Amino acid sequence: MYRQETTKLRMITRSPTFRMVLTDHAEERMAEYDLARFEVEKVLKAGAVVMIDMEASGTETWRVAGRDADGKRIEVVIEPLPPSMAVVVTVIRVG
Amino acid sequence: MTHVLDRYEEKLMGLPYPVVLLNAAEEVTHPTTGKVLGVAIPDAEELAAAVALALCFMPTRLSGAEVRFIRRVMGMTGQELAAAVEMDSATLSRWEHDKQIVGAWADKAVRMAAVLRLQDRAPASSLRPEDIVGLHFVPRPADSHPTIEVHRVGSEDVAAESEVKGWDAEVLLAA
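Read top to bottom, the protein sequences are chains A and B.
In terms of the working numbering, the first sequence is residues 1 to 95.
In terms of the working numbering, the second sequence is residues 1001 to 1175.
Note that these hints are calculated values from the structure, not bench results.
Check before you lean on any hint, since a few could be wrong.
[Claimed, not checked] Pairs of lysine to any residue, SDA-like flavour, derived with a Cα cap of 25 Å:
1. B/Lys-1099 - B/Asp-1120
2. B/Lys-1035 - A/Lys-72
3. B/Lys-1011 - A/Asp-34
4. B/Lys-1108 - B/Lys-1035
5. B/Lys-1011 - A/Met-54
6. B/Lys-1035 - A/Leu-81
7. A/Lys-45 - B/Gln-1119
8. B/Lys-1165 - A/Pro-16
9. B/Lys-1035 - A/Thr-59
10. B/Lys-1011 - B/Trp-1105
11. A/Lys-72 - B/Asp-1098
12. B/Lys-1099 - A/Ala-46
[Unchecked claim] Taking beta-carbon pairs under 8 Å as the criterion, some of the chain B residues facing chain A (in silico):
13. Val-1004
14. Pro-1042
15. Arg-1072
All of these numbers come straight from a predicted model, not from anything done at the bench.
Backbone N, C-alpha and C fix where the C-beta goes; we use that ideal spot for every residue, glycine too.
Throw the hints in and build the complete structure from the sequences for me.
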């Protein structure tokens, strides 16, 4: 787990003006996996950053691990935009 | 940058039909590139709780998908909810998959459990928890689903001397 990034994520999601934005790709994956928006938001608020990636464009993304409402593991890939925004790039079902 | 949309049909609520958001969803553009990133919905967890609460007060029987949605918003597994309302978990599973119809008592028991669990998570809801007791069911037209409209409402936070916003939902039944 990346503690520093997880702490930064908490600061973003606890902001009173926090906004989670879904890209079209993320929306497609969520529909495919039968995941609701509130479940993904919950993962961002309570989950842990388990991987950091740097895309070719120079954009840093964080992979956040958590569980859906049925207890199944999911990972949410975000582009963090401090102080109060996270763009969900994609969602992955694990296992 | 954000732009508030007059009307937005949210398809990722966890229900088999969209929920209509009035003057609440925001189209968001990237702060540096100016590119449209997508749509943001404030407080999605509270929104889901407000919608689930509104469904609990709907005077027609719940469909399987609606029961499953309410359970997921409650944050309970099928076994946990079944145990809470003294129902066999296999019965709840069949109900959620529209393979079994349960009695009105079971339908109401699930709603009561949900209202108790969710009322504090949707503080801006205008529904009164005590009204669930007097709820009487009317027939639901075949293959119909309700229209759920949701809007943001403001209330004064006296301690913080500021306005706080929350979600209020209304279920409109098909004619």
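Notebook entry, point to check: Hey, B/Lys-1011 versus B/Trp-1105, does the alpha-carbon distance stay inside 25 Å?
Noted result: violated, 30 Å
Margin query: Checking one constraint from the list: CA of B/Lys-1035 to CA of A/Lys-72, max 25 Å. Satisfied?
Written below: violated, 34 Å
Note to self: With the threshold set at 25 Å, check whether the alpha-carbon distance from B/Lys-1035 to A/Leu-81 stays at or below it.
What the structure shows: holds, 14 Å
Check: Would the hint on B/Arg-1072 stand, with a C-beta cut-off of 8 Å toward chain A?
Finding: holds, 4 Å
Next item on the list: Given the hint that B/Lys-1011 pairs with A/Met-54, test it: the Cα-Cα distance must not exceed 25 Å.
Entry: violated, 31 Å
Item checked: Evaluation of the interface hint that places B/Val-1004 against chain A, nearest CB under 8 Å -> Since the shortest Cβ distance to chain A is 12 Å, the answer is violated.
Item checked: Interface hint for B/Pro-1042, Cβ within 8 Å of any Cβ on chain A -> Constraint on B/Pro-1042 satisfied, holds at 7 Å.
Next item on the list: Quickly compare the C-alpha distance for B/Lys-1035 and A/Thr-59 to 25 Å and report which way the hint goes.
Entry: Status holds; Cα separation ~14 Å.
Next item on the list: Sort out whether B/Lys-1035 lies within 25 Å of B/Lys-1108, counting only the CA atoms.
Entry: With a Cα-Cα distance of about 47 Å, the restraint between B/Lys-1108 and B/Lys-1035 is violated, given a limit of 25 Å.
Note to self: Holds or violated: B/Lys-1011 and A/Asp-34, Cα atoms, limit 25 Å.
What the structure shows: holds, 11 Å
Checklist line | Distance restraint between B/Lys-1165 and A/Pro-16, which requires alpha-carbon spacing of 25 Å or less | finding: holds, 10 Å
Notebook entry, point to check: Does the alpha-carbon distance linking A/Lys-45 and B/Gln-1119 stay inside the 25 Å limit?
Noted result: This hinted pair holds, its Cα atoms lying about 21 Å apart.
Checked against the numbered hints given earlier, the structure breaks hints 1, 2, 4, 5, 10, 12 and 13 and satisfies all the rest.
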